[in-house]
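Enquirer: Let chain A serve as the given structure and place chains B and C on it in line with the hints.
Residue numbers (the numbering used here), protein chains in the order written: chain A, 1 to 273; chain B, 1 to 314; chain C, 1 to 535.
It is worth saying that the hints were derived from the structure and are not from the lab.
No false leads were slipped in.
Cβ-to-Cβ under 7 Å is the rule here; a few derived chain A residues that face chain C:
(1) Tyr162
(2) Val168
(3) Ala169
(4) His180
These figures come from a predicted structure and were not determined experimentally.
For each residue, glycine too, the CB sits at the ideal point set by N, CA and C.
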Amino acid sequence: MRVPAQLILGAGLSVVFLAVALLSLVWVPQDVTTLSIADRLQPPSDLHWLGTDHFGRDVLSMLMVGARISIAVALLAVGIGIAVGVPLGLWAAAKRGSWVDEVIMRGNDLIFAFPSLVIAILITAVFGPSAVNAIIAIGIFNIPVFARVTRGGALSLWTLDYILAARVAGKKAFRISLEHILPNIANLLIVQGTIQFSLGILAEAGLSYVGLGAQPPTPSWGRMLAEAQTLIYTAPRLAILPGLAIVFMVLGLNLMGDGLRDLLDPRLRRAAR
Amino acid sequence: MLRFALTRFVSLTLSLIAASLVIFLVIEVIPGDPAAYMLGLNATPEAVTALRDTLGLNGTLAERYLNWAGGLLRGDFGQSYSYRVPVAELVFERLWVSLPLAIYALALSTLIAFPVGLIAAARRGGVTDYGIMGVTQLGIAVPNFWFAMLLVLVFAINLRWFSAGGFPGWQDGLLPGFKALTLPAVALALPQASILARVMRSALIETLGQDYIRTARAKGLSQRQALTRHALRNALIPVLTIIGLQFSFLIAGAIIIENVFFLPGLGRLIFQGITQRDLIVVESVVMLLVFAVISVTFLVDIAYAAVDPRLRRR
Amino acid sequence: MIRLENLALSIHGTPILRNMSLSMAEGQVFGLVGESGSGKSMTALAMMGLLPPGAQVSGHIHLGDTDLLTRTEPQMCALRGNELAMIFQEPMTALNPVQTIGDQVAETLLIHGQATRAEARRIAQDRLARVGLPPDRFPLSRYPHELSGGQRQRVCIAMAIALRPRLLIADEPTTALDVTTQAGILDLLKGLVADEGMALMLITHDLAVVAGLADHLAVMQKGAIVEQGATEAVFRQMNHPYTRQLFEASGHKPAATEQVSPAPLLEAENVTCEYPVPRTGLLHRPPPFRAVDRVSFTLNRGESLGLVGESGCGKSTLTRALLGLQPLRGGEIRLDGQIVNAGERMPAGMRRQMQVVFQDPYGSFNPRHRVGRLVAEPFHLTGRPADAAVRVAEALLSVGLQPEDAQKYIHEFSGGQRQRIAIARALITHPELIVLDEAVSALDVRVRAQVLDLLADLRARLGLSYLFISHDLNVVRAITDRVLVMRAGQIVEQGPTEDILHAPQHPYTRELIAAAPVIPADWQDERTHDARPLV
Numbered sequence: 001m002r003v004p005a006q007l008i009l010g011a012g013l014s015v016v017f018l019a020v021a022l023l024s025l026v027w028v029p030q031d032v033t034t035l036s037i038a039d040r041l042q043p044p045s046d047l048h049w050l051g052t053d054h055f056g057r058d059v060l061s062m063l064m065v066g067a068r069i070s071i072a073v074a075l076l077a078v079g080i081g082i083a084v085g086v087p088l089g090l091w092a093a094a095k096r097g098s099w100v101d102e103v104i105m106r107g108n109d110l111i112f113a114f115p116s117l118v119i120a121i122l123i124t125a126v127f128g129p130s131a132v133n134a135i136i137a138i139g140i141f142n143i144p145v146f147a148r149v150t151r152g153g154a155l156s157l158w159t160l161d162y163i164l165a166a167r168v169a170g171k172k173a174f175r176i177s178l179e180h181i182l183p184n185i186a187n188l189l190i191v192q193g194t195i196q197f198s199l200g201i202l203a204e205a206g207l208s209y210v211g212l213g214a215q216p217p218t219p220s221w222g223r224m225l226a227e228a229q230t231l232i233y234t235a236p237r238l239a240i241l242p243g244l245a246i247v248f249m250v251l252g253l254n255l256m257g258d259g260l261r262d263l264l265d266p267r268l269r270r271a272a273r
Numbered sequence: 001m002l003r004f005a006l007t008r009f010v011s012l013t014l015s016l017i018a019a020s021l022v023i024f025l026v027i028e029v030i031p032g033d034p035a036a037y038m039l040g041l042n043a044t045p046e047a048v049t050a051l052r053d054t055l056g057l058n059g060t061l062a063e064r065y066l067n068w069a070g071g072l073l074r075g076d077f078g079q080s081y082s083y084r085v086p087v088a089e090l091v092f093e094r095l096w097v098s099l100p101l102a103i104y105a106l107a108l109s110t111l112i113a114f115p116v117g118l119i120a121a122a123r124r125g126g127v128t129d130y131g132i133m134g135v136t137q138l139g140i141a142v143p144n145f146w147f148a149m150l151l152v153l154v155f156a157i158n159l160r161w162f163s164a165g166g167f168p169g170w171q172d173g174l175l176p177g178f179k180a181l182t183l184p185a186v187a188l189a190l191p192q193a194s195i196l197a198r199v200m201r202s203a204l205i206e207t208l209g210q211d212y213i214r215t216a217r218a219k220g221l222s223q224r225q226a227l228t229r230h231a232l233r234n235a236l237i238p239v240l241t242i243i244g245l246q247f248s249f250l251i252a253g254a255i256i257i258e259n260v261f262f263l264p265g266l267g268r269l270i271f272q273g274i275t276q277r278d279l280i281v282v283e284s285v286v287m288l289l290v291f292a293v294i295s296v297t298f299l300v301d302i303a304y305a306a307v308d309p310r311l312r313r314r
Numbered sequence: 001m002i003r004l005e006n007l008a009l010s011i012h013g014t015p016i017l018r019n020m021s022l023s024m025a026e027g028q029v030f031g032l033v034g035e036s037g038s039g040k041s042m043t044a045l046a047m048m049g050l051l052p053p054g055a056q057v058s059g060h061i062h063l064g065d066t067d068l069l070t071r072t073e074p075q076m077c078a079l080r081g082n083e084l085a086m087i088f089q090e091p092m093t094a095l096n097p098v099q100t101i102g103d104q105v106a107e108t109l110l111i112h113g114q115a116t117r118a119e120a121r122r123i124a125q126d127r128l129a130r131v132g133l134p135p136d137r138f139p140l141s142r143y144p145h146e147l148s149g150g151q152r153q154r155v156c157i158a159m160a161i162a163l164r165p166r167l168l169i170a171d172e173p174t175t176a177l178d179v180t181t182q183a184g185i186l187d188l189l190k191g192l193v194a195d196e197g198m199a200l201m202l203i204t205h206d207l208a209v210v211a212g213l214a215d216h217l218a219v220m221q222k223g224a225i226v227e228q229g230a231t232e233a234v235f236r237q238m239n240h241p242y243t244r245q246l247f248e249a250s251g252h253k254p255a256a257t258e259q260v261s262p263a264p265l266l267e268a269e270n271v272t273c274e275y276p277v278p279r280t281g282l283l284h285r286p287p288p289f290r291a292v293d294r295v296s297f298t299l300n301r302g303e304s305l306g307l308v309g310e311s312g313c314g315k316s317t318l319t320r321a322l323l324g325l326q327p328l329r330g331g332e333i334r335l336d337g338q339i340v341n342a343g344e345r346m347p348a349g350m351r352r353q354m355q356v357v358f359q360d361p362y363g364s365f366n367p368r369h370r371v372g373r374l375v376a377e378p379f380h381l382t383g384r385p386a387d388a389a390v391r392v393a394e395a396l397l398s399v400g401l402q403p404e405d406a407q408k409y410i411h412e413f414s415g416g417q418r419q420r421i422a423i424a425r426a427l428i429t430h431p432e433l434i435v436l437d438e439a440v441s442a443l444d445v446r447v448r449a450q451v452l453d454l455l456a457d458l459r460a461r462l463g464l465s466y467l468f469i470s471h472d473l474n475v476v477r478a479i480t481d482r483v484l485v486m487r488a489g490q491i492v493e494q495g496p497t498e499d500i501l502h503a504p505q506h507p508y509t510r511e512l513i514a515a516a517p518v519i520p521a522d523w524q525d526e527r528t529h530d531a532r533p534l535v
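The shape of chain A in the complex, shown without the other chains:
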C-alpha cells in the first residue's frame, strides 16, 4: 500500500505542533505570565526570536503555550464527541427503524440546529467564560457528527451477510456492534476524528478570539489575535504570527485526514481486491 504524500506532509506538520505543545509543558524560552512594559513591542532578536507583544511577553513562548491550549481543547472535544456520539450511533443502527433510532436521530437534528458558537454563548451566559466551557461547547457540537457517521457506516454493515451469520451464531446486537461493526467503521471514525480535530482548532480560536475561551493570563492563539487587532497598524507581526500558527496546524490536520481517507477508503480497497 502506497502512503499518500499529503499524509506524510500532514502528519509531519501535526507532529511538529504536538511536539511543540508537549515541549511547552516543561520548557518555554520565556515565562508568559510576567509582564514587562519596558520590553513591549520588541522586534525579533536573539533573546526574543519572534519579538514581544504590547505587554513585553515573548511571542514564541505564547505561541507554544497557545498550541498546547488549542490542541488540548480540540482533542478533548473530539473525545467527548466520540465517547457520546459513537455509542449513540451504534445503538441507533442496532435498533434501526425503532423509536430509539428515531429519538436519537431527532435529538441529533436538534443539536445540529445550534452552531457551536451559539452553544458556547449559552453556556457562557450561564457559567461564565472558560476553556472548559469551550471544550464542552465544541464537544456537544461533535456529538451528532460522530453519531451520524457511526450510524451511517453501521447501517450499511448491518445489511451484510456476515452480520446475519453472526446472528445465526446466536450473537446479540451489543456483541455484534462491538465485534463486527465497530472495527469495520474504525476507518471512518479516524478520518472524521481528524476532521473534527481541525474544526475544533478553528472553533477554539474563534471562541477565544471573542473572549469565550481560555481566560487571561493563559495565552491562546485566538486572544493573541484579538489583542493584536488594535495594533495591526504598528505591529502587524503580532496579528500575522498566531494566524499562521492556526493555518499550519489546521492545514496539517486536514492533509492528514485526506491522506488517511485515501489510504483507508473501503471503496478503494474493494477496487484493489
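Expert: Okay, now just chains B and C, sitting in the frame of chain A:
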C-alpha cells in the same frame, strides 16, 4: 410534492418547539434568581422584585415557558434590561445588518464555489485541478476572522479602498451599505467557498462514475456533455446538504466577523447582552439564530425534493 | 459488416485481450460467451470506444468501411448512439434518476441533431411503445424509480434503438433480471433484430441464453476466443475442451443420495410475516405488507428441499423466519418438534441445529478476522470446545481446503473458495440442517458445479438436510429431492422435483419453466452419441 412540503413543515415546527424548550431551560438553570443575577450584587430587593415582574418570572415553570413562547409568536421578545427598550426593536434594527451580510456571504461563496468545483472536476488530475485543490485546502485552514484582519490590513490600511470597520446604515442608499459589508462578506465567503468547491468537485467525480453516465456516453454524449447534462443535477444533492450545514457555520462566523469590523449586527448585540448580563437579549437572539438554521434546513429539504423526484413521493 | 481483426488490449500494461478476430452480419445475433474476467465486456467497450484510461488497443475494428480505432473522440461521439449502441447489465442504475424516461430517450435524437424537440418526443414515444412501454400506461413523464427492473431495461433498449443503429451491443442484458422478465427482454431483442435489420452482439455467461437466440457464437477464455462458429454447429461439435467444460458444468448433476424413510425435521405451519409500510401522510398508515402468507411445508430428515421463486416473492423473509431472525405475524415453525421463536429467546442448542450459507461470497465474512476465527464463530452457541482448533481444521478439510488456511484472511480466497469456507462455518457445530440461500448463484458455472458436488458429497457423508433456496431451476433440479414453488408470499405448488419440472400443475410453475432458457435436447443428444464430430 405538497404533501412532502407539509410533512417537512410539521417537522420544522416540532424542531422549533424543541429548540425553544432547550434554550428556555438552559437560561432557567442559571443558579439563583435570574433577576438578581442580571442586576448584580448591589441591587436593592425592590429593584429585583420589579425586574422579576417585568421578566415574567412569577408563576410555574410551564407558565413562564408558555408566556415567553407565546410572546415570541406575537413578536414580543420582552424588554431589554440594559437598553430599556423592547428586545424586538433591538433585534429588528440589527437584523438589517446581519441578514444582508449572511445572504451576501452565502451568495458569494456559492457563486465562487460552483464554477471552481466544476472546472476542477472537468480537469480532474490536471494542473488546474491540482492548483484548485491546493488553494482550497489552504482556504479551509484559514480562520475567517484572521482572514478578515488580513483584508483590513491590505485593503483598508494599505490600499485604503474600504474602511476598516463600522456601518453607515442603509439611509444613504444601497451602495455605501454594501461597500461596508463587502470585506466582511468576502472574509466569511472564501473559507466557505473552499469547502463547497471541494464538495462540488468530489460529488461531480463520484457522479461521473455512475452507470447512467456510461449509458449517456453510449448514447453519443461527449464527456463534457455527460458532465453538464447528467452529472451536474445529480451532484447537486450532496452539495445542497453541505450548503445547509454550512449555514450554521456561517452564522457562527458572522457573529465573530461582526466583532472584527465593528458592525452593529446581532453578533455585537449578543456579546453586549452577555457582558451586561442582559439574559433576555441573549435568549432572544439565540432563539432567532436557531430559528434561522432550522428554517434553512427546511428550505434545503424542499430543494432536495425539487432536484430529486424520488423524494417527492415520501 | 462488423469485423474485429487481431484486436488486442492491455490496461496499464496488463494484457486483457489478445488476437480477437470475429465478424458479424446485419440482421443476425452474435453470442459472446465466457466466465467472469474472460474479457467479454472489455471487447464491447473497445468496440464502443469507451475503454477506461490507461487502455492500449491494437488491431482493427471495422464497421462497414471505417476502422473505429482510427476515429477521433468527436467522431466516435457522432457514431455512438447513432450507428453503434449499447445496453448494460444493471438496469436499476443505468438510467439518470432525476430525468424523465421521455427526456432520456429523446436525448439520443437531440444529441445527434436528428430531430427537433417536438419530433424527438414523438419518436421517443414511438420507440418506447415499440419496446413494450405504451404511452397510455408509461407516459414520457415517468421517472426511472417508478419502473421495475425489466421496464427500465426496456427504456435502455428504446434509448439504444432510437436512431436505428447498425450494431447493438447487449452486455449481460438479463443477468440482473428474473427469469420470466428475462424471457420478455430476449424476445424483444430477437424481434428488434428481425424488424430493424441490425446486428446484435449478445454478451452472456449463460450458454442456454445464446443457444436460444444467437446465430453465431464465440466462446472466450482468458481474453481470447477459443472457439467460434454457427451456434448449432458449435454446440454439436465442441472442438475446444473449454467449451465442453462449460457445457458440462452448466447441466451438471451431482451423484444422487438415496432417501431414508421420511421423519419430519423442520415443519412450517401457516407461517405469516408482515412488514410495516412507511406512512403516506401524517396520520395515514397503509396496512402492512404481507411478505410471507400462510406458508406450510415439511422438510424431512436427510432430505434436500428446494424453494424456488423470483425476486420479491418472499423467499428471503421466509428464510429469515425459519432461522429465527424474523418475528412471525402468525403460524408456527418447529425444528425437531420444538417451536422456533424469533429473536434472542431462541435457545442456543436449537440454533446449533440449523446453520446457513449466504449468496454473496464477498459480504459473508468480516474482512478483519482470520479464517480460523470466522469458521469458529458458531462455537458461540456451544461454548468453545477444548479441541476447537482441531475441529476448525477438520471442517476446512471436509470442504476441500487445508488446515493452514485458518491463518489466512478472507481476501486471499476466490469466490468459490469463500463459499467453501462459508460451508465449513455452517458445519462446525454439526448441525442437522443447512439453509443454502442462493449459495451458488454468484459463482461461475464451473465453480458452481464443483460446489454442488461438494454439497452432495457432504450430505451423503454426514446425513445432512438442506433447504436450498434459488431462483435457478437448473440448480434446483441438480441438488434437490422435492421443491416448493413460491409466488407473492405463497407456496403455489410443491412435490418431488422431477415431477414438478416435468409436469407442472400450477400456471405460474408452467410459466417459470417455459421462461427458463434451455439448450435444445437434440443438440446435446447428438453430442453424447457422437462425440467425435465430422469436419
